[in-house]
Amino acid sequence: MAEVKVKKEVDATDVENRIKELCRQFPQGITDQVIQNDLPHLEPQQRAMAINKLLSLGQLELMRNSSGLLYRLKDAQHGSKMKGSDNQEKLVYQIIEDAGNKGIWSREIRFKSNLPLTEINKILKNLESKKLIKAVKSVAASKKKVYMLYNLQPDRSVTGGAWYSDQDFESEFVEVLNQQCYKFLQSKAEAARDSKQSPMVQRNSSFASSHEVWKYICELGISKVELSMEDIETILNTLIFDGKVEMTVIAAKEGTVGSVDGYMKLYRGVNAIIPPTGLVKTPCGLCPVFDDCHDGGEISPSTCIYMSEWLDF
Amino acid sequence: MTSQEVRLCGLLLREHFGEVVEKVGTHLLRSGSQNLRTILHETDVSLKLVKKSLCVLVQHGLCLYRPGRKGPGSPTEYDTSSHLILRILRYPRYIYTAKTLYGDTGELIVEELLQRGHMTLSSTVKSVADRLTQNMEEGRSMDYSEVSSAFSKLVETHFLQRCPPAAAAAVKDSSSPAAGGPPAVPGTPSTPVSAAPPTPESFPDCYKVPDVKLFGRGKRQLASEDGEEQRSAKRARMDSSAHGDEGIYWQVNFERFHQHFRDQAIISAVANKLDQTSSEIVRTMLRMSEVTTSPTAACTKPLSANEIFRSLPVGYNIGRPILDQYLTLLVDDPMEFVGKAGESGGGMFVVNLHKSLANLARATLESAVQERFGSRSARIFRLLLRKRHLEQKQVEDFAMIPAKEAKDMLYTLLSQNLVQLQEVPKTPDYAPSRTFYLYTVNQLPTARMLLQNCFKTVANLIERRLFETKESKRLLEKSQRIEAILASLQASGAEPEQLTEVEEMITAPEKQQLDSLKLHVNKLDSAENQVDETIFLLESYVNSTIASS
Numbered sequence: 001m002a003e004v005k006v007k008k009e010v011d012a013t014d015v016e017n018r019i020k021e022l023c024r025q026f027p028q029g030i031t032d033q034v035i036q037n038d039l040p041h042l043e044p045q046q047r048a049m050a051i052n053k054l055l056s057l058g059q060l061e062l063m064r065n066s067s068g069l070l071y072r073l074k075d076a077q078h079g080s081k082m083k084g085s086d087n088q089e090k091l092v093y094q095i096i097e098d099a100g101n102k103g104i105w106s107r108e109i110r111f112k113s114n115l116p117l118t119e120i121n122k123i124l125k126n127l128e129s130k131k132l133i134k135a136v137k138s139v140a141a142s143k144k145k146v147y148m149l150y151n152l153q154p155d156r157s158v159t160g161g162a163w164y165s166d167q168d169f170e171s172e173f174v175e176v177l178n179q180q181c182y183k184f185l186q187s188k189a190e191a192a193r194d195s196k197q198s199p200m201v202q203r204n205s206s207f208a209s210s211h212e213v214w215k216y217i218c219e220l221g222i223s224k225v226e227l228s229m230e231d232i233e234t235i236l237n238t239l240i241f242d243g244k245v246e247m248t249v250i251a252a253k254e255g256t257v258g259s260v261d262g263y264m265k266l267y268r269g270v271n272a273i274i275p276p277t278g279l280v281k282t283p284c285g286l287c288p289v290f291d292d293c294h295d296g297g298e299i300s301p302s303t304c305i306y307m308s309e310w311l312d313f
Numbered sequence: 001m002t003s004q005e006v007r008l009c010g011l012l013l014r015e016h017f018g019e020v021v022e023k024v025g026t027h028l029l030r031s032g033s034q035n036l037r038t039i040l041h042e043t044d045v046s047l048k049l050v051k052k053s054l055c056v057l058v059q060h061g062l063c064l065y066r067p068g069r070k071g072p073g074s075p076t077e078y079d080t081s082s083h084l085i086l087r088i089l090r091y092p093r094y095i096y097t098a099k100t101l102y103g104d105t106g107e108l109i110v111e112e113l114l115q116r117g118h119m120t121l122s123s124t125v126k127s128v129a130d131r132l133t134q135n136m137e138e139g140r141s142m143d144y145s146e147v148s149s150a151f152s153k154l155v156e157t158h159f160l161q162r163c164p165p166a167a168a169a170a171v172k173d174s175s176s177p178a179a180g181g182p183p184a185v186p187g188t189p190s191t192p193v194s195a196a197p198p199t200p201e202s203f204p205d206c207y208k209v210p211d212v213k214l215f216g217r218g219k220r221q222l223a224s225e226d227g228e229e230q231r232s233a234k235r236a237r238m239d240s241s242a243h244g245d246e247g248i249y250w251q252v253n254f255e256r257f258h259q260h261f262r263d264q265a266i267i268s269a270v271a272n273k274l275d276q277t278s279s280e281i282v283r284t285m286l287r288m289s290e291v292t293t294s295p296t297a298a299c300t301k302p303l304s305a306n307e308i309f310r311s312l313p314v315g316y317n318i319g320r321p322i323l324d325q326y327l328t329l330l331v332d333d334p335m336e337f338v339g340k341a342g343e344s345g346g347g348m349f350v351v352n353l354h355k356s357l358a359n360l361a362r363a364t365l366e367s368a369v370q371e372r373f374g375s376r377s378a379r380i381f382r383l384l385l386r387k388r389h390l391e392q393k394q395v396e397d398f399a400m401i402p403a404k405e406a407k408d409m410l411y412t413l414l415s416q417n418l419v420q421l422q423e424v425p426k427t428p429d430y431a432p433s434r435t436f437y438l439y440t441v442n443q444l445p446t447a448r449m450l451l452q453n454c455f456k457t458v459a460n461l462i463e464r465r466l467f468e469t470k471e472s473k474r475l476l477e478k479s480q481r482i483e484a485i486l487a488s489l490q491a492s493g494a495e496p497e498q499l500t501e502v503e504e505m506i507t508a509p510e511k512q513q514l515d516s517l518k519l520h521v522n523k524l525d526s527a528e529n530q531v532d533e534t535i536f537l538l539e540s541y542v543n544s545t546i547a548s549s
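Line order of the protein sequences matches chains A and B.
The opening residue of the first sequence carries number 1 in full-length UniProt numbering; numbering runs sequentially from there.
The opening residue of the second sequence carries number 1 in full-length UniProt numbering; numbering runs sequentially from there.
Treat the hints as calculated values from the structure; they're not laboratory data.
Note that beta-carbon positions come from the ideal geometry of N, C-alpha and C, so glycine has one too.
Hints may be right or wrong, so weigh each one.
Computed cross-link-like contacts, EDC-like style, restricted to lysine to aspartate or glutamate with a CA-CA straight-line distance of at most 20 Å [claimed, not checked]: (1) B/K473 - B/D515; (2) A/K244 - A/D295; (3) A/K244 - B/D332; (4) B/K470 - A/D312; (5) A/K281 - B/E528; (6) A/K244 - B/D397; (7) B/K404 - A/E170; (8) B/K355 - B/D332; (9) A/K196 - B/E280; (10) B/K511 - B/E501; (11) A/K125 - A/E89; (12) B/K523 - A/E309; (13) A/K53 - A/D14; (14) B/K470 - A/D295; (15) B/K518 - A/E212; (16) B/K404 - A/E172; (17) A/K188 - B/D397; (18) B/K387 - A/D242; (19) A/K137 - B/D397; (20) A/K281 - B/E539; (21) B/K407 - A/D168; (22) B/K407 - A/D14; (23) A/K244 - B/D333; (24) A/K281 - B/D525; (25) B/K393 - A/D295; (26) B/K301 - B/D324.
The following residues of chain B were derived to be distant from chain A, with all beta-carbon distances above 12 Å [said to hold, decoys possible]: (27) E255; (28) L414; (29) E528; (30) E533.
Please put together the full structure from these sequences, using the hints given.
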């Protein structure tokens with residue numbers, strides 16, 4: 001492609017190819033100095049022309065770092081993909097690319113590009129049809145579409161991680177995992193209790209690290225999606241808030257399975273300290289109209305139907 | 001004093017002492033301490049009745065009196081408090097505790113004392129022995145000395161105590177209360193000494209059993225249909241001989257019972273959380289410090305592991321190393337029932353009474369939410385208890401509940417005042433878009449609210465019970481009449497045909513109705529006792545928190 005365009009300037013093409021070659025060698029980018037060293041005979045003017053050409057063709061990109069300007073080869077792919085696009089499209093594409101896998105909202109594209117919204121919508125549609133970008137619905141706001149490059153995996157903050165499918169929270173899935181984790185911890189606690197060992201050993205063997213739980217859940221194969229250890233830990237946290245599980249953190253040797261930053265989270269199933277309290281064993285403790293109940297009122301203890309049902313139970 | 005408390009107290013007073021006492025009692029509850037004249041004026045009850053009801057209340061320790069606030073010579077003022085009256089609700093539990101600890105004798109002693117307020121040792125022993133004899137086979141009887149030794153045991157463990165002498169002096173001559181004894185009224189007591197009512201504990205020999213010359217055995221009453229009250233009144237007149245303990249009256253030490261209930265609650269919580277053996281260790285620790293620790297202390301006196309080891313019950317085969325392990329486990333437990341106070345003597349350990357109560361109260365709140373709003377709401381509730389302040393979004397994320405449901409649950413909890421909302425504005429105009437809305441749970445106010453709900457619930461249950469009995473009043477009277485006829489026929493040795501004939505006067509549907517009524521009343525009664533357990537836990541928590549802050 002490039003060859004076709006620069007046929008009449010054979011000399012210049014050589015230079016360009018040489019620069020591209022250099023860039024390929026140093027994928028992190030090259031400075032002007034590197035080009036100078038490589039092609040010492042080249043006039044600065046010629047060099048500048050060649051670079052400018054490559055830049056305008058979108059084959060090179062210019063970056064700035066602490067040591068000065070850097071040239072880097074642009075992905076050959078988009079070079080080809082962006083073929084036939086105008087500058088505006090390229091600009092929008094650039095903005096979307098910068099947003100990474102977090103995606104960007106069309107209004108923010110407008111702010112960044114200073115293009116009218118109608119224009120942007122047209123461009124976005126265009127790019128989408130070329131399969132260069134895709135629109136992803138965010139879980140945070142179901143009506144808000146964010147755009148990102150087609151080949152990117154959306155970030156957790158956009159999809160909501162393993163717990164969402166098509167922006168719907170899969171509460172059943174969570175509940176199932178919650179129950180399975182609890183079952184695992186409880187069976188472990190029971191086994192420890194039945195082992196008839198000294199109390200300390202009993203307690204210690206009732207603990208399971210989050211890694212163990214994770215392995216158990218993975219082997220169970222209930223989940224279609226890949227779950228990370230953090231995912232399992234969030235599930236285990238809900239169990240803590242259910243009052244069914246207790247967590248302790250212990251120091252672990254670096255490199256032990258399941259340890260993170262030198263510590264390990266251990267979980268164990270525990271029993272509640274009291275049975276359901278006396279109040280909730282009466283109909284009044286659960287009554288939805290408790291506050292409206294008065295002697296001689298429309299709702300009164302003497303005529304209460306909940307009470308009658310309970311008494312005849 | 002909330003209206004719920006007053007309502008419940010009124011119902012309790014009416015059940016136990018009748019409507020006049022209810023009127024005077026609730027009036028005192030509503031309007032605080034008052035003198036006789038004001039009570040008379042504001043209640044529209046005749047002087048005689050007011051005096052008698054005050055007498056009844058004082059006799060049962062439900063009412064305090066003290067010299068007037070306007071200096072010497074001003075009229076005595078009467079005062080009552082709901083926590084005194086609410087003890088009536090707990091009577092069955094006191095009696096049951098006495099039964100489990102000291103058998104039938106203990107049960108009857110506590111029951112007698114609760115029924116009559118104050119009694120002397122000798123009269124208690126006599127009536128208990130008589131009642132026990134009544135239930136024994138023909139030809140056997142209960143020895144007084146056995147009963148009085150049980151009495152001494154109850155005093156030794158501080159379950160009974162002497163009435164403070166000042167109070168005793170004032171009510172001495174009115175010891176037969178409800179039966180309409182002589183109209184002795186504590187209206188003009190002896191010269192007032194101090195403004196504050198004396199506590200029983202402040203007298204040195206409050207747990208000293210006097211030497212009583214009491215010999216003999218329980219007598220069998222022949223006319224068994226005599227009412228309890230009449231019998232005791234009769235006996236009071238008959239037994240005029242001196243036993244050496246006149247003027248020394250005894251009463252039930254409610255505080256001690258409450259302490260026992262609290263210890264039991266902690267022990268059973270440990271048993272649920274850890275295991276039986278740990279609860280046994282905690283029981284031993286609590287028993288060791290029973291007398292040395294004051295009832296309001298935040299934790300027991302430190303006990304060394306050696307001491308605990310020596311005091312463990314003999315039947316329990318716990319070796320020293322195992323005990324140490326158990327103690328470490330108890331200390332490590334996040335509920336913090338047991339704490340470590342030092343390293344000397346193999347480690348010094350304390351039972352954290354206040355913390356345990358706070359944990360129990362928290363569990364009570366959680367259980368109330370769980371049962372009423374479901375386990376997911378309980379998850380949110382626990383989450384807020386743990387993390388203090390959270391925004392709605394954070395609640396959804398931590399609890400892993402879909403936004404819509406979580407919102408619904410949070411708002412329901414908020415509307416029931418179980419969860420509070422704290423606004424933190426970024427700008428002074430409180431614009432919603434620039435304000436943080438933080439949800440939080442305040443344990444103490446929530447416990448107080450739940451306590452009020454408990455009072456209302458008990459009042460409702462009593463109300464319903466009264467309603468149920470009122471509905472089938474005719475039927476109940478009929479069955480009582482028929483039972484009386486049957487008894488008298490049996491006594492006169494009637495033919496079996498005659499008996500069945502009388503029995504058949506209650507028709508099958510009526511019998512069914514009676515049975516279901518009995519079932520209902522029993523259910524309501526047991527529910528009252530269950531709610532009282534919740535009340536007890538919450539009340540102890542609230543009191544201990546007030547005491548410690």
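Each hint, compared with the structure:
1. Distance hint between B/K473 and B/D515 is fulfilled; the C-alpha atoms sit about 14 Å from each other, no more than 20 Å.
2. A C-alpha spacing of about 40 Å is found between A/K244 and A/D295, which places the hinted pair above 20 Å, so the restraint is violated.
3. About 18 Å separates the Cα atoms of A/K244 and B/D332, which keeps this hinted pair within 20 Å; it holds.
4. For the hint pairing B/K470 with A/D312, the CA-to-CA distance comes to about 18 Å; that is within 20 Å, so the pair holds.
5. Distance hint between A/K281 and B/E528 is fulfilled; the C-alpha atoms sit about 10 Å from each other, no more than 20 Å.
6. The hinted pair formed by A/K244 and B/D397 meets the criterion: a straight-line CA distance of about 19 Å does not exceed 20 Å.
7. About 13 Å separates the Cα atoms of B/K404 and A/E170, which keeps this hinted pair within 20 Å; it holds.
8. Proximity of B/K355 to B/D332 is assessed by CA-CA distance (about 14 Å); at most 20 Å being required, the pair is judged to hold.
9. Restraint check for A/K196 and B/E280: satisfied, since their Cα atoms lie roughly 18 Å apart, inside the 20 Å limit.
10. About 15 Å separates the Cα atoms of B/K511 and B/E501, which keeps this hinted pair within 20 Å; it holds.
11. Annotation: proposed proximity of A/K125 to A/E89 holds, straight-line Cα distance about 11 Å (limit 20 Å).
12. At most 20 Å may separate the alpha-carbon atoms for a hinted pair to count; B/K523 and A/E309 meet this at roughly 12 Å.
13. At most 20 Å may separate the alpha-carbon atoms for a hinted pair to count; A/K53 and A/D14 meet this at roughly 13 Å.
14. With a C-alpha separation of about 15 Å, the suggested pairing of B/K470 with A/D295 holds against the 20 Å cut-off.
15. At roughly 55 Å between alpha-carbon atoms, B/K518 and A/E212 are farther apart than 20 Å, so this suggested pair is violated.
16. Restraint check: the Cα-Cα separation between B/K404 and A/E172 comes to about 15 Å, which is no more than 20 Å; the hinted pair holds.
17. For the hint linking A/K188 to B/D397, the alpha-carbon distance of about 28 Å lies beyond 20 Å, and the restraint is violated.
18. For a cut-off of 20 Å, the pair hint linking B/K387 to A/D242 stands: about 14 Å separates their Cα positions.
19. For a cut-off of 20 Å, the pair hint linking A/K137 to B/D397 stands: about 19 Å separates their Cα positions.
20. At roughly 19 Å between alpha-carbon atoms, A/K281 and B/E539 fall within 20 Å of each other, so this suggested pair holds.
21. Pair hint B/K407 plus A/D168 holds up; C-alpha atoms about 16 Å apart against a cutoff of 20 Å.
22. A C-alpha spacing of about 66 Å is found between B/K407 and A/D14, which places the hinted pair above 20 Å, so the restraint is violated.
23. With a C-alpha separation of about 14 Å, the suggested pairing of A/K244 with B/D333 holds against the 20 Å cut-off.
24. In summary, the hint linking A/K281 to B/D525 is supported, as the alpha carbons are separated by about 13 Å, within the 20 Å threshold.
25. Note on B/K393 and A/D295: the hinted pairing is violated, with a Cα-Cα distance of about 42 Å set against a maximum of 20 Å.
26. About 19 Å separates the Cα atoms of B/K301 and B/D324, which keeps this hinted pair within 20 Å; it holds.
27. The Cβ of B/E255 sits about 22 Å from the closest Cβ of chain A, beyond the 12 Å cut-off, so the non-interface label holds.
28. A cut-off of 12 Å between C-beta atoms confirms that B/L414 is not in contact with chain A; the least separation is 15 Å.
29. Consistency note on B/E528: stated as away from chain A, yet its beta-carbon is not over 12 Å from all of that chain's, at 9 Å minimum.
30. Not every Cβ of chain A is farther than 12 Å from the Cβ of B/E533; the closest lies at roughly 5 Å, contradicting the non-interface assignment.
Consistency with the previously given hints fails for numbers 2, 15, 17, 22, 25, 29 and 30, ordered from lowest to highest.
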